[in-house]
Amino acid sequence: MTETVQLFITCLIDSFFPRIGEAMVNVLNRAGVRVEFPSAQTCCGQPAFNAGLRSEALPMARHTIRVFEKTTGAIIIPSGSCAAMVRHGYLELFKDDKAWLERAKTLSSRVYEFTEYLVDVRSVTELSARWSGKLTYHPSCHLLRSLGVDRQPRLLLAAVRDAEIVELPEREDCCGFGGVFSVEHPELSAEFLTRKIANFEKTGSPTLVVADTGCLMHIQGGLTRQGKSQRVVHIAEVLNNL
Amino acid sequence: MSIKTFRTRIRQSLADENLQLALDNNAARRRDGRLAAFASLPDFPERRLRAHNVKADVVAHLEEYLDQFITRVTANGIQVHRAADSEEALRIFMGIARSVEGQHTYSDAGVKPLLVAKSKSMLSEEIDFNHALEAAGIRIVETDLGEYIVQLRGERPSHIITPAVHLRRSDVGKLFTEKLGIPYTEDIPVLTNTARKVLREVFLNADIGVSGVNFGVVETGTLAIVTNEGNGRMCTTIPPVHVSLMGIERLVPNLGDLELFLSLLARSATGQKLSVYTSLINSPLPDQTRHLILLDNGRSALRASPLAESLFCIRCGACLNACPVFREIGGHAYGSIYPGPIGSVISCALVDPQLALLAQASSLCGACKEACPVDIDLPGMLLRVRSGLSLQSSVRDSREGVGIPYSVKLGLKSFRLAAGTSSLFAVFQSLGGLFSRVYSPRRAFMRLPAWTGWGYSKDFPRLAVRPFRTRWGKIGQKVDEKVVLPQEKRNPSESAAKLPFKSLSHQFTEELTALGGHAYVVSEKELPSRLVEFLKSKNIDRVLVDDVGACFVTDIPTSLEPDPVVRAGVTGALAGIAETGSLLLISGAGQTLTASLLPEVHVVVLRTSQILPTLADALRRPEVRAVPAGVIVSGPSRTADIEMTLTIGVHGPGELHAFLIDDSMTV
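Sequences listed follow chains A and B, in order.
Take the first sequence: its position 7, counted from the start at 1, is 7 in our numbering, and no numbers get skipped.
Take the second sequence: its position 442, counted from the start at 1, is 442 in our numbering, and no numbers get skipped.
Everything labelled a hint here was simulated from the structure, so no lab data went into it.
Since this is a predicted model, take the numbers as computed values, not measurements.
Some chain A residues close to chain B (C-beta under 10 Å, calculated; not the full set): (1) Leu12; (2) Ser146; (3) Cys175; (4) Gly176; (5) Leu188; (6) Leu223.
Simulated crosslink set (SDA-like; lysine to any residue; CA at most 25 Å straight-line): (7) B:Lys409 to A:Arg62; (8) B:Lys474 to A:Thr4; (9) A:Lys70 to B:Thr421; (10) B:Lys197 to B:Thr177; (11) B:Lys482 to A:Ala158; (12) A:Lys95 to B:Leu417; (13) A:Lys228 to B:Arg462; (14) B:Lys478 to A:Thr125; (15) A:Lys228 to B:Phe445; (16) A:Lys98 to B:Ala308; (17) B:Lys482 to A:Thr72; (18) A:Lys134 to B:Ala444; (19) B:Lys413 to A:Ser55; (20) B:Lys478 to A:Arg19; (21) A:Lys70 to B:Ser423; (22) B:Lys478 to A:Arg34; (23) B:Lys474 to A:Asn26; (24) B:Lys482 to A:Gly73; (25) A:Lys202 to B:Asp32; (26) B:Lys413 to A:Ser39; (27) A:Lys95 to B:His52; (28) A:Lys95 to B:Asp377; (29) A:Lys228 to B:Val438; (30) B:Lys179 to B:Asn130; (31) B:Lys478 to A:Ala159; (32) A:Lys228 to B:Tyr456; (33) B:Lys525 to B:Ile540.
Note that beta-carbon positions come from the ideal geometry of N, C-alpha and C, so glycine has one too.
Produce the entire structure from the sequences given, and follow the hints as far as they go.
Encoded structure:
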C-alpha cells in the first residue's frame, strides 16, 4: 500500500534551494511514498529559539503545529536541526504550557528526518542512485547528536552505485554554522569553517554530502568565498542522481 | 564583561599563535585519551545514565542529604562550617587561621607569617581565596604544578583540570628563571623537579593545608579528593590543620556511588582509569584538626532555577576539551574562572550575572553533552541561559536573547513577522529572490560585507526567485508502487571479549605496569632477601616503614617516624585492585600514609590473596569507612601540567614497586 507523508520543506530549502526539495520528492516517490505539502507552513522557529528569543519562536511553533495537526501520517524534514527542533525543541518551548505541550508531543512523535525515515521506517537503502567519483559525508551536529542519525545516511550513500565514499577527517567537528552563531561570532565561526574546509580538501573528493541545509549553505559559502571549486550537495540530490 | 570586550578577547586569543598551538594540542590529546579510557569500561552508557540519576536524586533532595552528611562528618570529628557566600566562607577561614596563628605565636614568638599549602580547588578560585588571604598577610602557595605556575604568573587557571594549558614549556622556563632563579631550560622534568623542591618545603612547613573536595559521601561522611601529583595527599596529611572547601552539591549517597563517579571522573578528565591518588578522608589523623567549609554561593538559587541540572557537574573538564569554541579561545577569554560549556551555563549564577552572554558563544554542536560523563544537557542549558530563564523567570522578557546584538534581535523579529503567514512569507521570498538577483546578477553566492557577520568569511546564497512553495504544484509525482523492501541485515552485537588475564595478580601486574609501576611475585620466604637486595641496588641506606614494612625489612635501618630525607618507604596495603592496578592503603598501625608519600621510592608488600577484582570490591571493605583516612594509589606520582607532557614523580613517589607474596597455593 502506498504510504502518504507530509513534507516540511524548511524555510532554507524553500527559499534558497528548492531543487533539493524537488529531488527529495522524487526520491520519496521512488521509495514508494506519496508526498503532500501543507502549503500554509513557513518556518519551525528554530532561529529565534536558538538565539534565546522564545517569545519570537512561540508563534512560529504554534503556527507549525496548527498547520500539521490538520494532516495525518509521518512528517518528513530534510534537515537534522529542524527535525530536532520539532522533535525536542518544541517540548522545551512548551514545557510550561500543558495544553500546547500535549499538542507538541503528538507532533513530535510524527516527525522524521529524511534519511531516518527512508532507512528506519521504510527499510530502504537501495534507490538505484548513481554517482561517479568520490563522495565524502559531513555528519551535521544536530542530526548526529540530537537525533542520533548517522548510520542511515551512511547506508544510503554506501548503496550509491559507482560512488567511492571516503571518510572526512575529524568529521564530527562542527562546521561553525550554528544559526545566529555564524553571524554573531563571525571570527569563531570562520575558524571552524576553515578547519572543516581543510579537512574536506584532505579527502580529495570534489563533493561533500550533508543532510542539513544550514551546513550546506555555510560550507558552500566558505568554499565560494575562498574561490574553491568543490561542491556541497544535499543527500537527496545524490540519491536523486540516476 | 560586555559583548564588545568578549569579542575583543576572542580576537586576541585567535591571534595568539602560542595559545592556538597549545589548545590544538590539548583538544586532540584529551579527546583521544578519553575515548581510549572509556574503551576499558564496557558498561559506560549504563554508568553514565546511573550517574545522571544519582545526581538528579542528590540535587532534588539536597537539603536532606546535606543534613545527613553534616551529621556524619561531625560525628567523625571534623568541624563543619556552612557558608552562604564567599564573604562568609572567607570569614570562617580567617577565624580558623587566627586560632592557628594564636597557637603559632606561643611556640614561635609570632614572627613568621602563617603559611598555607593549597591543593587544587576550583571553589577557592570562585571565592578568590588567594587574594583574600594575601590581603590578610597570609602566605598561600598553590601546590598543583599547573596552579603553581599560574600563581607565579599572577594569573588565574585557564582550564578546570589543566590550569596552565594556555602556556608552552618556554613560557614556564622563562617564568622559573625569573621567579625561582634557575638557569633557563625547556626540559620539562627539570622544571617539574624544581617546583617539587620548592613545594616540598612548603608542605613540610605549612601551618594549614587547604584542599577542595571531589565527592562527599553522605552515608559515611567520607571526603574523596583526587590528585595525580600527590599534592592533595600532602595538604591533607602533613600540616597540623586541614581545611577542605566543598560546594554543597558535591555529594554522593554512598560508597557504591563513589565507585561509580570515580570510574567516570578520571577517564573523562585525563583519560586515566583512576587518578594516581584518591584520598578517602573520614576523620582527623592523630594530632591533626580537620575543618570542612560547605559553600552555597548561588548554588541553592541555581538549584531552584531551570539550570538545576548544571549542579550534576563533577568538574572533569571533558566538555571544555570537546568544545570547538574552547579549542579556539582557551579559558581566559571567557572572563570567568569556569570556562567552556559548563562555565557558560553556571558563571551567570555563581560568578556574575553579566556572564550570561557567554552562552551565545556556542554553535550548539552538542559535543559537550556527548562528552559529559553525567549526561548534562549542556546545549539545553545554554539555550535556557540565552532565553533569560537562568535565574528569575519573572524578568525573563527583559533578559530574553541575552548577549545578542540588537541588530540580530531586530532581524529575528522581522523574520518572525515575515514568516507569520505563508502568503506573506511567499511575498518576502519573491522580493528577496528578485533583490538578490539584482545585487548579484551572475554569482549564485553573493559577496556580503564583513560587518554583516556572515560576510566575514563566507558568501551567502541568493534566494530563489521561485521558492519551493510556488514550484510545488508543478511537481508530477510518480510513486513507485512496487518497491521491494530489502531486509536490513543487522550485525549481532559482538559481546565484549573476555579479558585475557590468567589471574587477578596477572591482571593487577599488567595494569600496574601500564601505569609505570612494577610488580614482582615472590614467596614469603624469599621476600626479606629480595627486598634488601632491591633496596641496596638503589643505594638506599634507610627506609621509612609501617608495621608491615617493619616485619620484612632486615639489614637496613628503618624508621617509623616521618622523615623527609629518607629516600624509600616500605608499607603494606589493605588491598590491591586488579582492574586498575591500584593499591588501597589505610592509616593505622605505623605511618603507612607518610611512608608511602614522602620518599621518592615506595615499596608495597601485598599478598596475592589481597588482590580484589574491582574498585567496588575494595570500597566495600569495612576498614574504608572505619579508619581516619585511606588512599587509593594508582601508579607513581605524575603530572601533565606542562604541554600535556607526562612527567613521572612530582610530590609523591616517582617509583612504585609492589612485591606480591604468592599465597595462591595456600588459600
